[in-house]
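Visitor: Residues per chain, in single letters:
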Amino acid sequence: MRFDAMTPEIAGAVTNDHLQLIVNPTERCNLRCAYCYETFALGKMPETIVSGVFNLVKRRAEKGLKTFRLEFFGGEPLVAWDVVETLAHGLSDICRANGTEMLGGMTTNGVLLTRSRLDRLAAADVRSFQVTLDGPKAVHDRRRVGRQGEGSFDAVWKTLEMLKAAPHSLDILIRLHFDPTSLEHCLGDAGFIRRVSASFVKDDERFRLHFHALGRWGGPHDDETPVFGSPVDERAAIEELIDEALAAGCSPTQFAQYRRDAALGESGHAICYAARANAFVIRSDGRVAKCTVAFEDDRNTVGRLSENGDLVIDPSRHLPWLQGLISGDPLALSCPARAYLWSQGDSSTQAA
Amino acid sequence: MSKNKYWVSAAALAASSLQASASVPLATSSAERPALPIVAGATGLTAADLIVGLDGTVAIDVRAHATLVCQNTNNCGAPATNNGC
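These protein sequence lines map, in sequence, to chains A and B.
All letters in the first sequence, in the order written, are residues 1 to 352 by the working numbering.
All letters in the second sequence, in the order written, are residues 353 to 437 by the working numbering.
There are no misleading hints in this set.
Calculated Cβ distances over 10 Å to all of chain B for the following chain A residues:
{"hint": "1", "residue": "CYS33"}
{"hint": "2", "residue": "ALA123"}
{"hint": "3", "residue": "VAL145"}
Example chain A residues on the side facing chain B (calculated, C-beta under 10 Å, incomplete):
{"hint": "4", "residue": "ALA13"}
{"hint": "5", "residue": "LEU19"}
{"hint": "6", "residue": "LEU21"}
{"hint": "7", "residue": "ARG60"}
{"hint": "8", "residue": "LYS63"}
{"hint": "9", "residue": "PHE280"}
{"hint": "10", "residue": "VAL302"}
{"hint": "11", "residue": "GLY303"}
{"hint": "12", "residue": "GLY309"}
{"hint": "13", "residue": "ASP310"}
{"hint": "14", "residue": "ILE313"}
{"hint": "15", "residue": "HIS318"}
{"hint": "16", "residue": "LEU319"}
{"hint": "17", "residue": "LEU322"}
{"hint": "18", "residue": "LEU325"}
{"hint": "19", "residue": "ILE326"}
Far from chain B, by Cβ distances over 10 Å, these chain A residues were calculated:
{"hint": "20", "residue": "HIS89"}
{"hint": "21", "residue": "LYS137"}
{"hint": "22", "residue": "ARG175"}
{"hint": "23", "residue": "GLU224"}
Since the hints were made in silico from the structure, they are not lab data.
Here the structure is a predicted model, which is why all the values come from computation and not from measurement.
Don't be surprised by glycine CBs; every beta carbon is placed ideally from N, CA and C.
Based on the sequences and whatever the hints tell you, model everything.
Guide: Okay, structure coming up:
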């Protein structure tokens, strides 16, 4: 990657015109996916931290913040629906009152996303949703299961159908997990890609596809997770999947990874949010982190949000995540966790 | 790291309208920081010079960089201090 080609991207990663908060309303989850790396130890975000988020964004919006990106993460954010609803509407009101554009989104397993909740979220400018499928029902229901081991495919599919039928302007990213053993179920005329494309993506620009190989992300079942032997093999599989979706009638604009060029890193992002100086993860207990994959790594805690909205950042903890902004190193920009946390002694952990 | 990389990075920082923070303690509000755009091409910046205030704003801590110069209205080239030109 040419460093100078990254200049606008780097500028966007440090500008004070923009703020990105990835908020965990709870770190509990209604699913227990086979490869999950989270511990579900933290419950619902208390009112003091909710107030802290409001106060921080209000302070910035009143000083001319141009864009505020809000991403609900977790856990499963919809497990704490009351927190999501309060934050979404409160933050939307703050931004509208100050001329700040709010771009809201959510990473959800989709099981608890109902039409009435979608209507409430869309009214508060939360219009981007990432929903994951692990393949056809037989594959998905072995991996993305509830606490009693029950499959979630039918519920997720029903949610996608609900999103498809909704009149709102939306941005739906269907993240399709695959691995060497499930690839065959995705390809071919009767394969899963054709079904997803025909059902949701084809001729509907609100929907996009993202293919993501399973990885060993630090969970207790990593040894049982099938993974590709090399990034080259993984990349070749992604190319096959993209070709399949194109043949099914999807548009090239519906793939974030389409013919990935040199400006994109391994994660598919030029600069991961964790490498940005103006992006923070607000955990449900008020701790501030950089990466959503490495919650259990103490180096990922870089500060704390207080009730009055003060974002108290420890520079000695924060700066290692920002090395790429100075060095231009593609890995440090696209996946600083891999460059910083996993570069020594834990090479098996992969970017999620 | 080459100087070229520093140069490009500094240019990127300038392009983003970052405010230089000269002799300002960490974790002060952005309102207390002087508005001194960093000159593109300044050398010697490291990640350690990126600081975040209590309101989440990003700034460059230029305390250790006498070579950074002020680019206020006259582009006078004076050392970047909290007193400006």
